[in-house]
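In order, the protein sequence lines correspond to chains A and B. Under the numbering used here, the first residue of the first sequence carries the number 18, and numbering increases by one thereafter. Under the numbering used here, the first residue of the second sequence carries the number 36, and numbering increases by one thereafter.
Hints are computed from structural coordinates only; laboratory data are not their basis. Relax, there's no trap hidden among the hints.
Here are some, though not all, of the chain A residues that point toward chain B, as calculated from beta-carbon distances under 7 Å:
#1 Phe212
#2 Lys361
#3 Gly377
No residue lacks a Cβ here, since even glycine has one placed at the ideal position from N, Cα and C.
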Amino acid sequence: MSTDNLLHWPMQTNGARVPYGVFTDREWYVREQATVFRGETWSFVALEAEIPQPGDYKSTFVGDTPAIVTRDNEGNINVLQNRCAHRGALVCRERRGNARRLECVYHQWNYDLRGRLRGVPFRAGINGNGGMPADFNLDAHGLQSLRVARLHGLVFASFSSTVAPLEDYLDPMVVGAIARLFNREIVVTGDQRQFIHGNWKLYAENTRDPYHASLLHLFHNTFGLYRSSQTGACKMDAGHRHTLLYAMAGTSSTEADKAAYQDSRSLNTAFTLADPSVLAGRREFDDGITLVILAVFPNLVVQQIANTLAVRQIVPYSVDSFELVWTHFGYADDDAAMQEIRLKQTNLIGPAGYVAMEDGEAVEIVQRAITRGADAHSWIAMGGGRAEDAEHLVTESAIVGFWENYRHLMGIAVADS
Amino acid sequence: MALNLLNLSALERRFAVDDLLSRYARCIDDDQLEHWPSFFTERARYIVRSQENASRGLPTAAMYCDSRAMLVDRVVALRNANIYESHRYRHLISCTVLEDITAEALTAVSNYVVFRTRTNGATDIFSAGGYRDRIVLDGGSLRFAEKLVTFDTDRIDTLLVTPL
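Bound-form chain A, shown alone:
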């Protein structure tokens, strides 16, 4: 229990009460960058398919710390802090590319793909003038290297030397869900970027929340892509870091759904598509699961919605802004028709997606309302308010689990309310 808690977390009984200050306090955000993103966690940084060749690199972030992901000549993947060891400039200024060396433009200090310093201009001076001190050692001035772990083509990095090995951190639930989607060679089909004026944890809640999915995303509901009445589940790993939410389309009846949604504005079965080809797809998985939202703490969402496949990387920029980087993919053995299906179904997801765009709005309307609400609390209790797995979709239990893990990680004890 730390005694310098900035925020008041009341005792939890059958529901999570989360102080809004956790989404608005700048000092808290700084602490979180150290404890969550540079602490005992693994952050998603890339798909291996984004950097297939030696020399390929990609610039990204771990938390809000700039990082470079490289593939070196041995085929290994390195994650380096994107900050020159000399005077702190960005070494990599492009989103992606291919290079033999990483060179800082400021004074041309250059590094190999593993981040080792290889050259310093005028190191020995010019005509006896200048130069670095005689004891200057290149080996002592490389780019800071992060721990790297790969799983089925996903690349994770950590600043921590003590965090558990990736597969232990992820737990068999997450490892299994990733293995299911990344079961063969993938092909990256493009990125989408969505800048949201809100705290990243509002999106972490959103992706652990099957309750909202059919009420906010009316398109989902109306066309039966997802309804809370479908067969599905909301599960967590043992540590409650991560959430696996899945559903099976076609497992509820429209008549029963009309009865279930009678109090809601969100089930309008009179709304039809003039061109339903956007929803035409194929059954891809023998298990019948048509929707997967796998939220991996702290910064990754892996998704399957109908035939759309994507990873979403959460990049926090400040206490009240983050970016979602959507990287879409298909499989190397997709035929032309399947490629077209995935491309057309992309209308469903991303910042312009029929069933995704609203999450940006949902996060922002919370962020705008909680100003000066540091001591007020949300109330999260649908499904019973305990961090338990649910074999249904009428629950917020995984959000309760998220906050339990978060409080544990941040060293927060709950106080009597």
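Chain B: place on chain A using the hints.
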């Protein structure tokens, strides 16, 4: 006698295309979106994608429609299903160059900027990019057979629901 684009003077062609682009912008900016699909042919392609993906040769698009009916659906969803903050656009379209002119079709390449005003009254540049439009004579009117919107502003602010 049927209209033939090759029989028009360069000035007349340019005026006709400029008029089409201006009416297109007016339609969206005046929130007459139910009329928006009528600017397209029945089998038109309307693709909104980032310059980043285009440069990499990758197909992912923010909006990918290959029929006028899909445009109708975009509008119906915007009106009835999607949730977003109300806002207003102002399009500025300029630097149009005409290419590949035939009797019945031409390509117009333009810059666009879309300003978006949100409910708090703030206006920002929501999207800057280019149009590559294949414009055809369709029943005596000029319509888009393909409108390829390639945006430079690939960090979409909050969400994209109203067409560009």
